[in-house]
Structures are given as structure tokens and as C-alpha cells.
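Asks: Chain by chain, the residues:
Number of protein chains: 2
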Amino acid sequence: MNAHIITIGDEILIGQTINTNAAFIGEKLSGIQVNVRKTSTVPDDEDEILKEFKVCLNENDLVVVTGGLGPTHDDITRTCIVKFFHTELIRNDEVLDDVRNFFNKRGRKLTKINEDQALVPKNAKVIRNEMGTAPGIWIEKEDKIFVVMPGVPFEMKTMMNNYIITRLQEKIINKDSFVKRGNLLTTGIPESMLFERLGNLKELLGGAKLAFLPSQFGVKLRVTVNEKNEELATNKLSEIEQKIRSKVGRFIYSKLDESLEYTVARMLFERGLTIAVAESCTGGLISNMLTNISGSSKFYERGIISYSNASKVEILKVSEDTITQNGAVSLEVARQMAEGIKSISGTDLGLATTGIMGPTGGSSEKPLGLVYIGLCDDKVCTAKKFQFGDDRFLNKQRAAQAALDMIRRYLLGIPFDE
Amino acid sequence: MNAHIITIGDEILIGQTINTNAAFIGEKLSGIQVNVRKTSTVPDDEDEILKEFKVCLNENDLVVVTGGLGPTHDDITRTCIVKFFHTELIRNDEVLDDVRNFFNKRGRKLTKINEDQALVPKNAKVIRNEMGTAPGIWIEKEDKIFVVMPGVPFEMKTMMNNYIITRLQEKIINKDSFVKRGNLLTTGIPESMLFERLGNLKELLGGAKLAFLPSQFGVKLRVTVNEKNEELATNKLSEIEQKIRSKVGRFIYSKLDESLEYTVARMLFERGLTIAVAESCTGGLISNMLTNISGSSKFYERGIISYSNASKVEILKVSEDTITQNGAVSLEVARQMAEGIKSISGTDLGLATTGIMGPTGGSSEKPLGLVYIGLCDDKVCTAKKFQFGDDRFLNKQRAAQAALDMIRRYLLGIPFDE
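Quick note, the sequences are listed as chains A and B, same order. Quick note: the first sequence uses the working numbering, first residue 1, plus one each step. Quick note: the second sequence uses the working numbering, first residue 1, plus one each step.
Derived from the structure by calculation, the hints contain no laboratory data. Be careful, since some hints might not be right.
No farther apart than 30 angstroms at their CA atoms in a straight line, the calculated lysine-lysine pairs in the DSBU-like style are these [said to hold, decoys possible]:
#: 1; chain 1: A; residue 1: Lys-51; chain 2: B; residue 2: Lys-112
#: 2; chain 1: A; residue 1: Lys-141; chain 2: A; residue 2: Lys-54
#: 3; chain 1: A; residue 1: Lys-220; chain 2: B; residue 2: Lys-28
#: 4; chain 1: A; residue 1: Lys-38; chain 2: A; residue 2: Lys-54
#: 5; chain 1: A; residue 1: Lys-141; chain 2: B; residue 2: Lys-38
#: 6; chain 1: A; residue 1: Lys-83; chain 2: B; residue 2: Lys-38
#: 7; chain 1: B; residue 1: Lys-112; chain 2: A; residue 2: Lys-247
#: 8; chain 1: A; residue 1: Lys-51; chain 2: B; residue 2: Lys-125
#: 9; chain 1: B; residue 1: Lys-209; chain 2: A; residue 2: Lys-28
#: 10; chain 1: A; residue 1: Lys-209; chain 2: B; residue 2: Lys-83
#: 11; chain 1: A; residue 1: Lys-54; chain 2: B; residue 2: Lys-144
#: 12; chain 1: A; residue 1: Lys-209; chain 2: B; residue 2: Lys-209
#: 13; chain 1: A; residue 1: Lys-38; chain 2: B; residue 2: Lys-112
#: 14; chain 1: B; residue 1: Lys-105; chain 2: A; residue 2: Lys-385
#: 15; chain 1: A; residue 1: Lys-105; chain 2: B; residue 2: Lys-220
#: 16; chain 1: A; residue 1: Lys-109; chain 2: B; residue 2: Lys-247
#: 17; chain 1: B; residue 1: Lys-109; chain 2: A; residue 2: Lys-255
#: 18; chain 1: A; residue 1: Lys-54; chain 2: B; residue 2: Lys-51
#: 19; chain 1: A; residue 1: Lys-157; chain 2: B; residue 2: Lys-209
#: 20; chain 1: B; residue 1: Lys-109; chain 2: A; residue 2: Lys-384
#: 21; chain 1: A; residue 1: Lys-109; chain 2: B; residue 2: Lys-112
#: 22; chain 1: B; residue 1: Lys-180; chain 2: A; residue 2: Lys-243
#: 23; chain 1: A; residue 1: Lys-385; chain 2: B; residue 2: Lys-109
#: 24; chain 1: A; residue 1: Lys-54; chain 2: B; residue 2: Lys-38
#: 25; chain 1: B; residue 1: Lys-209; chain 2: A; residue 2: Lys-385
#: 26; chain 1: A; residue 1: Lys-202; chain 2: B; residue 2: Lys-83
#: 27; chain 1: B; residue 1: Lys-366; chain 2: A; residue 2: Lys-109
#: 28; chain 1: A; residue 1: Lys-157; chain 2: B; residue 2: Lys-220
#: 29; chain 1: A; residue 1: Lys-109; chain 2: B; residue 2: Lys-220
#: 30; chain 1: A; residue 1: Lys-209; chain 2: B; residue 2: Lys-51
#: 31; chain 1: A; residue 1: Lys-209; chain 2: B; residue 2: Lys-144
#: 32; chain 1: A; residue 1: Lys-144; chain 2: A; residue 2: Lys-157
#: 33; chain 1: A; residue 1: Lys-220; chain 2: B; residue 2: Lys-157
#: 34; chain 1: A; residue 1: Lys-385; chain 2: B; residue 2: Lys-298
#: 35; chain 1: B; residue 1: Lys-51; chain 2: A; residue 2: Lys-83
Covered by chain B, according to a simulated footprint, are these stretches of chain A (three or more residues, beta-carbon under 8 angstroms) [claimed, not checked]:
#: 36; stretch: 53-62
#: 37; stretch: 238-246
All residues carry an ideal CB built from backbone N, CA and C; glycine is no exception.
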């Protein structure tokens, strides 16, 4: 089944909104063996929308559209659907009830424009909106499927998860080919070095495909195999993964499509270890990443964002002399911060960061991007120096990533420097 | 000048990478009066890429392409360019020097695949890559411009900022029409209520366009005017903004395309006020947002992520009895946390959050999404109750947004409850 995803909205074209919807839908469709051939974004303009509907429905079995279903005057997708399918709008009582309930629950007054959300194209199947008021629309015509959802991400996601994916799976006939993808997420090694270490790719892959996907968090290796059935595909994928691991295993933190913080959180949780974090240069980012994970109170005890020197001394008991002699950005301060946070929290591990994030504040001796990360357990306190770049935002992310990778390596017994 | 942005890469189609490049390029092009008509994403497939090049160059004056220029085997964009423009690859010595320098600086060994990055299409103008190794490509043909950049975001961004935008501006001839956009960023009011409060839009806008762009951070109002010249456009935009402000002014935190934390940071900085933050349920998010801002050490003194009750009592001096009687998620604990953090830090303001973020831990009395936010100055300690939803990640963002909005309202003397 070939698919095209259309996202509608000037705000996406002019870059005021990042198109996370296309990514989410693409991922979900790929997961059920739908081949996403292309995606496009068109403006809030009737002619452009109608033109795109036509081209996409001609060339594909499935077209998924998001955006422009809201209650205000700039939402024109519904009108376009009516014109494109030569139909009309009719009131749907179930949707009207949903909209009423939605407003009642929140103690808000129902208005005329909200009531109009219950007008849906005749002959379309309605997809109820559990998170908002604009219903989704499902139209089948000559063996093709046309699905329209609101552009608000969590409304769209709930419709995809709770309805559309299941219904599409029923429609998809199994063929003589099974595509399976696997990811190996690496961190702490650049793309070209990974490429070199992997050696002869043709031999390694034996017909499968390998993509290198670099970002500030590391390089993701994506392996795609295409075999006759699911079992063959699974075996082939597993065989290639083993080969890759034998060459660059220590840089791989996960084969699931998960973040490094999630990997680290799971390891801490499984081993029943607790951690406390003292952040200077990362300013709360590491704690925020760890507490994004549900159940984090099981392993995350507390955090101190010791931005000022006073807070390093008062709370973390860093020696004033050490700061005077070495500066707040130093190996020794990182070590003392990690020791201090561990000691006041009574946790198994203490982690600390201190550095110069930019864009100002660097010197020839201590350039922008210089970061020290400390990690202590009951026996040993280690600190390591890192040199990142001059972009503040990227530096925070890289420092947080490096700190989390130090925990991962510590827990797995992998040396910090290889 | 009409433009189309093509992003190349399977990883975008299957949703493993979110297409932030298209947003960035769209924003930059719109900023210099280029009309971004459409964007599309195509797979790493020669036929699809060549087909898309053809359609897009036919229909537009400018085509901007990113992705597939890297050093590894899955990067095929350069080959496609050669075929599409019937040209060949030649070695560019300047690029080769750049690549050599890039590796020397980092003390890394130059490899054959890195050297091959210096092969560029004959007759193309080369855009040097200050942040990486793959050069950009600029081709002009029959009054049309075709630009290709690497897909790595910070490499692409540097090329756009330092070269492409300036060069495009030189090419653009001023016409008899000037489009200008203005944003008004609101928070704390739902879309339909904003719509109602604005009243008769036709009268308000007088021919201009207004878009409502909701997200978890609030609703962005985008006004677009199209007038004969820049001065007329500026005046018209300013007049409409004034009218909108007179109706919903207190919900508007900025007219720049900036975040609420940036607005709040600027206000604190301008007034010479300092703040310290005690976060329980937001887990470091507020501190991370504030410290993302360059110069934050001027107003942000420290933060405590008091995840455990012990840390609330030990560091913030919250009374154990209060926690026992009211629970850690309560108005009184939020107030004491805000008082505590202000007192130990010696700052002008103390901010605190405590709540139940989910997905588990709610009860009928204290449901998921219940959050208390406390704010203290030298004279008064206030705390306010909020009820958000049941998604952990959204709840953290909403609570952080609400907390920052409390600071904004406090600084402007706007009551918290209107």
C-alpha cells in the first residue's frame, strides 16, 4: 500500500510550526508495512489544496491529510473535501454530543462555531475526537482511502493510535515481501569513524540497506531488510545487528528507538540504584530529561542547579579555595560537586556538570564549549573533560548527552575513554 | 519569487527524523519576501528525486534542496544533480583544503571518503561548509536558481545565514506589493474564547488575514497584511495589533516570535531582578528553559529539584507536618517551597511547582494533572491551583508555561485569575 501524507497550513510553510505531524504519521504507517512514498505541505489555499488532493489520490492507495479542520475562519479543509468529493455537509448528532460533552466537562460555554464542528461531509465515516472538538474524516472511493485529521498534534495522535492504524491493518493484504527495520543508536563517535570501523559494508549487509543518520545526540544506524516473510526478515536483521555490534558495540546504547536518558533510566531502575544531579552549565536539562520518564521518582532523588558560586559552596560544599584556585569550570570543582550532591542526597550515584556554554565567557585557556563532568559512587569519584563547540543550545544538549553516556558506561563497565 | 523546498531522506518519510530543516528554510525565505509555495519530502531513491527536481524547477523560480550530500554510500543527491543537469563531478581544491583543515583542527585522520567530498558538479557554484565537510551547491539555469545543502541542521543553517539569504536578496527585485506578517503570542486562553473575544473579524482586519495557531504553549495569532509598500504594510499591521491588544491584551506575552521564557527573562533582566526556582513536578524544565537563554546567570541564581520529600524538608525547609497533613501536592507546600527557595538563595523572587504529572499517581481527590504553583517576593507569597490533563510530557510543559506566565503577570501587575 503506497501512501502520501499532506499537511496543510501556511504556518508550516513559513516555518513557524515544525512539521511533527508528518513524522508521527510516517512512523505509524511504516510500522504497519505501508510505504510512505512522499509527503508534502501546502498552503491554506483552496486551489493548491484541491490540486494536491487530486495528484496524491491518483498516485497512491492512501492519502492522509492533517490541518485546517478547526473552528475558525482560516480552517478551509472541510470545504475543500466537500468540493473535491462533490458532496455536502450534514450535521452528525454523535459528534454534536461529543462537542457538548467536551465543553461541559471543562465547564465552558458551547458557542455556535463549536457546534458547527458537528457538520461533516455526507457519506464520510466520522472519526470521533477524544481530545478535542473537530472530528476526523474517513472516505473510501474506488479502492482508495482518504483520511483527514485535525492538525493539533495530540488530537491527531489519539485518532491514529486508537482508530486509523487498526482500521488500515484490516485493509492491508499480506504480500510476498516483508520489510523490517532495525535501529542501532550510537553516541560518542562521529559518522565517518563509524563508517571506517564497520569495514566492508557489502559483506556486512548481504543485500540489506544501511543508513547513517547523524544528529547532535549521536549517529543512528538504520538497517532495512526485505525478505519473503517476517521470520526470515527477523533472522536476517538480527544477524546483521550482531555483526555491527562486534565492531562498534560499545558506542551502541540502544536498539529501540529510545533516548539515551530512557536507556540510562531503565538501567538504574533495574539495578535499584538512585542518583542525584548537580548541574551548573546544563542548567537543569539532565534532570528534566530524567524526570520526563514516567516513574523517575524511583531512581531520581533530587537535583541542584548550582548556577551561582554561592550555591556551589552553600549547598554542595564545594571548597571556596578550589573555586578561587581552579575556577568554577574545572576538573576539581566537577568532582567536588558530584561528591557533594551524592553526600547530601544519600544516593548511590552523584553526577555533576560545570562548563562554559557560550556564546560569551570563553578565554584562550578555557574556551567556549569546555565542560567537566563528574561522577561518584561510594568508592570512586571520576571527572572527565570534554570540548564541545560554541553554540549554547547544542552545547547544553551535548554535555547532557555526554553525562548520561558516562552513567551508561559506568553501569556497563566500559572505560570512559575508549 | 516562488519557491519549493525539497527535503530528501527515508528517515524523514518513516518519521525517524522530524523535518526541522524545512521549517528553518521556510522561515528564512519568508523573511526576505520569497513565497514558499510548497514543501515536499522524497525518499533516497534516484527516480523519485529526479522526478521531484523536474516538477519543482518547472513550477518555481527557486528550488532549495537538503539532504543526501554526506560521505557515505546512502547519500545520492550529488549523483542526482549530475544526472539532472547533464554535468560531471570535478575536484574543487578550495573544498579539499576546507575538508583537510576541518579534520586537522579536530586531530582526526582524513580518509578517502572524506576527500571525495571535494568532488562537486562542474559549473556549479560551491557554498563552503563552515561547520562540516560536505559543500553546498548553487546552480543557476534559465533565470531559475537551484540550491542544495547538507541535511545536518547546523551545517545547513550556517550556509543559509552566512551565504544563501544574502545572495538571494541580491536577486530579488522589489515589486509593487509588500507582504508583512506580525505575531501576537497568547497564553492561558483557549482558541475559541480568543475568537469570541475578538468579535467581528472583518471589521477588525479590513482586508488583512488572521490565523489562529494553537499549541500546548498557547495560541499564536498571526496577522498578514499585503500593501503597496513597506511603510503602508507596517502601519496597517500596527493598527490591527493595537485593536487586538485592546480586546485580549493581557493574554499577549510577546509580539516577537519568541518563547515565554525569553519574554520573562528579558523583563527580569531589565528590572535587575533575580530569581531562584524550586521544582518538584516540572523536574528541572523551568530552570532548563530559563538557562537556555544566554546571560541567564544575570537573573537566575539557582534551582532545586526537590523530587523527594526529604529534599523538600532538608533544603527548602518545608514543614514535615504540612506535608503529612496536606500532602506534598498542595497549595501550602507550593507556598512553603517558594518561600524556602527565595530565603536560601537571597533572590528577589522564589518560584515553586508541585503536582501530579502522571501517567500514574492520581486519585479522585488529587487527579492527574493537578499542579500548584507558588510565587514569593519580599512581601507576599501567593500560590495558585491548576488542572491540566493526563499526559506527563504535556503536563510538564503546561505547568512550566503557567509558572512563567505567573511571573509575567506578577511583573506587569496583571491579576493571576483574569
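Asks: Has the stretch 238-246 of chain A got at least three residues whose CB is nearer than 8 angstroms to a CB belonging to chain B?
Replies: Per the Cβ count (0), the hint is violated.
Asks: Hint check: Lys-109 of chain A vs Lys-247 of chain B, CA-CA at most 30 angstroms. Holds or violated?
Replies: holds, 19 angstroms
Asks: Holds or violated: Lys-54 of chain A with Lys-51 of chain B, Cα cutoff 30 angstroms?
Replies: Since the Cα atoms of Lys-54 of chain A and Lys-51 of chain B sit roughly 18 angstroms apart, the hinted pair holds (cutoff 30 angstroms).
Asks: For the pair supplied as a hint, Lys-220 of chain A and Lys-28 of chain B, is the alpha-carbon distance within the 30 angstroms limit?
Replies: Roughly 28 angstroms separates the two Cα atoms, so the pair holds.
Asks: Take a quick look at whether Lys-38 of chain A and Lys-112 of chain B sit within 30 angstroms of each other, Cα to Cα.
Replies: violated, 33 angstroms
Asks: So is the stretch 53-62 of chain A in contact with chain B by the C-beta rule, three or more residues under 8 angstroms, or is the coverage claim wrong?
Replies: Violated, because only 0 residues of the stretch 53-62 of chain A bring their Cβ atoms closer than 8 angstroms to Cβ atoms of chain B.
Asks: Is the Cα-Cα distance between Lys-109 of chain B and Lys-255 of chain A 30 angstroms or less?
Replies: With a Cα-Cα distance of about 29 angstroms, the restraint between Lys-109 of chain B and Lys-255 of chain A holds, given a limit of 30 angstroms.
Asks: Are the Cα atoms of Lys-385 of chain A and Lys-109 of chain B separated by 30 angstroms or less?
Replies: holds, 22 angstroms
Asks: Quickly compare the C-alpha distance for Lys-109 of chain A and Lys-112 of chain B to 30 angstroms and report which way the hint goes.
Replies: Given that 30 angstroms is the threshold and the Cα spacing comes to 67 angstroms, the pair is violated.
Asks: Taking 30 angstroms as the top limit, are the C-alpha atoms of Lys-51 of chain A and Lys-125 of chain B close enough?
Replies: violated, 34 angstroms
Asks: Regarding the pair Lys-209 of chain A and Lys-51 of chain B, is the alpha-carbon distance no greater than 30 angstroms?
Replies: holds, 23 angstroms
Asks: Is Lys-220 of chain A within 30 angstroms of Lys-157 of chain B, Cα to Cα?
Replies: Measuring from Cα to Cα gives roughly 21 angstroms; hence the hint holds.
When the structure is compared with the earlier hints, violations turn up for hints 1, 8, 9, 12, 13, 21, 22, 25, 31, 36 and 37 and for no others.
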